[in-house]
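Work out the full structure: start from the sequences and follow the hints.
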Amino acid sequence: MADEFIKGLGILTGSGLAWLVLASWYRTSSFESSQQLIEPLSSGATEGLFNIIGVTLMDVFLWFALLGALTFWVLIPAGHQIMSALEERRNAQ
Amino acid sequence: MSDNEPENEEIRSDGAGIVAPDDETPTWSERKARKTGLSRLTYEYFERARREDQDLRTESDYVERDVLAFPTWPHETVRNLSIASFFVGMILFLSATMPPHIGNPANPSTTPAVILPDWYLYWSFGLLKLGPLNPEIAILGDQMLMADRTYGVLANGVVVGFIAIVPFLNKGSARRPVEQPFWSAVGVFGVVFAFTISLLAIKNLMPMNVDLLFDLTFLLPFVFGTITYAVLKTMREGYMYNLNRRYYRLRPPK
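Those protein sequences? They're chains X and A, same order as listed.
Residue 64 in our numbering sits at position 36 of the first sequence, and the numbers go up by one each step.
Residue 254 in our numbering sits at position 216 of the second sequence, and the numbers go up by one each step.
It is worth saying that the hints were derived from the structure and are not from the lab.
Among the hints, erroneous ones may be present.
Claimed, not checked - For each label pair, taking beta carbons as the anchor points, the in silico distance ranges come out as:
#	chain 1	residue 1	chain 2	residue 2	range
1	A	D186	X	Q63	22 to 32 Å
2	X	E60	A	V248	11 to 21 Å
3	X	L103	A	G141	37 to 47 Å
4	A	A268	X	L95	21 to 31 Å
Given the structure is predicted, the values throughout are model-derived calculations rather than measurements.
Using N, Cα and C, we set each Cβ at its ideal position, and we do this for glycine too.
Pasting the structure below:
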């Protein structure tokens, strides 16, 4: 269980940090804005190959952080619980 | 601690028998293959450290000490260096990738639009914004007993007073949250309330409805406290059972 926790936490923090940096580049007009990191894409964000890659990676990192944590903290432990429950039921019969 | 008497055939329960010799130290892949996981690794690490400590004590020039601990070099130093390196690296990384905009110099003749204390005082600043909770007393002709600002200052006294009282109500004998679910829930309530009241302090910067934020400020601490109490109460029986079993296996009563 501890192994699954640290995998989820590593994905959440590592990928979240990468998203934070990219979102501060492409979705932040000012660090004093109350909408920073979740603003619409700043102008010029889709010009040039590197910017397109950055904008794409920003979404990739965000979803990887959310889905990765969800997978290791919820889905996989739930799967283990289901498997052990099925195993117990099979042994009880 | 250093018992060098010839061992009898009884099972040693202090863990001394399971320490792997140097040439039998498992590789990472072997450790990964074990199903017992991190708890086993941690246990073996501490047993290994304890064994090294015991070997040191058996050397003739080693000064016996009362305190059993890890030596400053290399254990503590390596750990502290790695932690310090991590935070220094994080500061360098963030300052290189997200350099903050340097604003205009402060104008001493005008009041800034947004006035806020440092972030660790947001909770106190949020307590000054409890105006909607200040009751309008009917017998005073729907007037308030005190001004909103007085009410907020008194609220600080209530919070500080409660924090001061807690050590007298609970002596802190529990070493793990699961041993005292209620007081753990009180602690979680306090932490969550400190966070939500801090968010209330910056309500004009929060991208959400202010009334909803005000309600959530006082609702969320109760929600999280209740969840904590329920979870710990549920864990309690099985966890304590396993804990006691492990404890008595490590150090059996004389």
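Item checked: Satisfaction of the hinted span 21 to 31 Å by the C-beta atoms belonging to A268(A) and L95(X) -> Between A268(A) and L95(X), where Cβ atoms are some 27 Å apart, the hint holds.
Check: For the pair E60(X) and V248(A), does the Cβ-Cβ distance stay inside 11 to 21 Å?
Finding: holds, 19 Å
Check: Does 37 to 47 Å hold as the CB distance between L103(X) and G141(A), or does it fail?
Finding: The hint (37 to 47 Å, Cβ to Cβ) holds, given that L103(X) and G141(A) are roughly 45 Å apart.
Next item on the list: Please test the hint of 22 to 32 Å on the beta carbon pair from D186(A) and Q63(X).
Entry: 29 Å Cβ-Cβ, so the 22 to 32 Å window holds.
Checked against the numbered hints given earlier, the structure satisfies every one of them.
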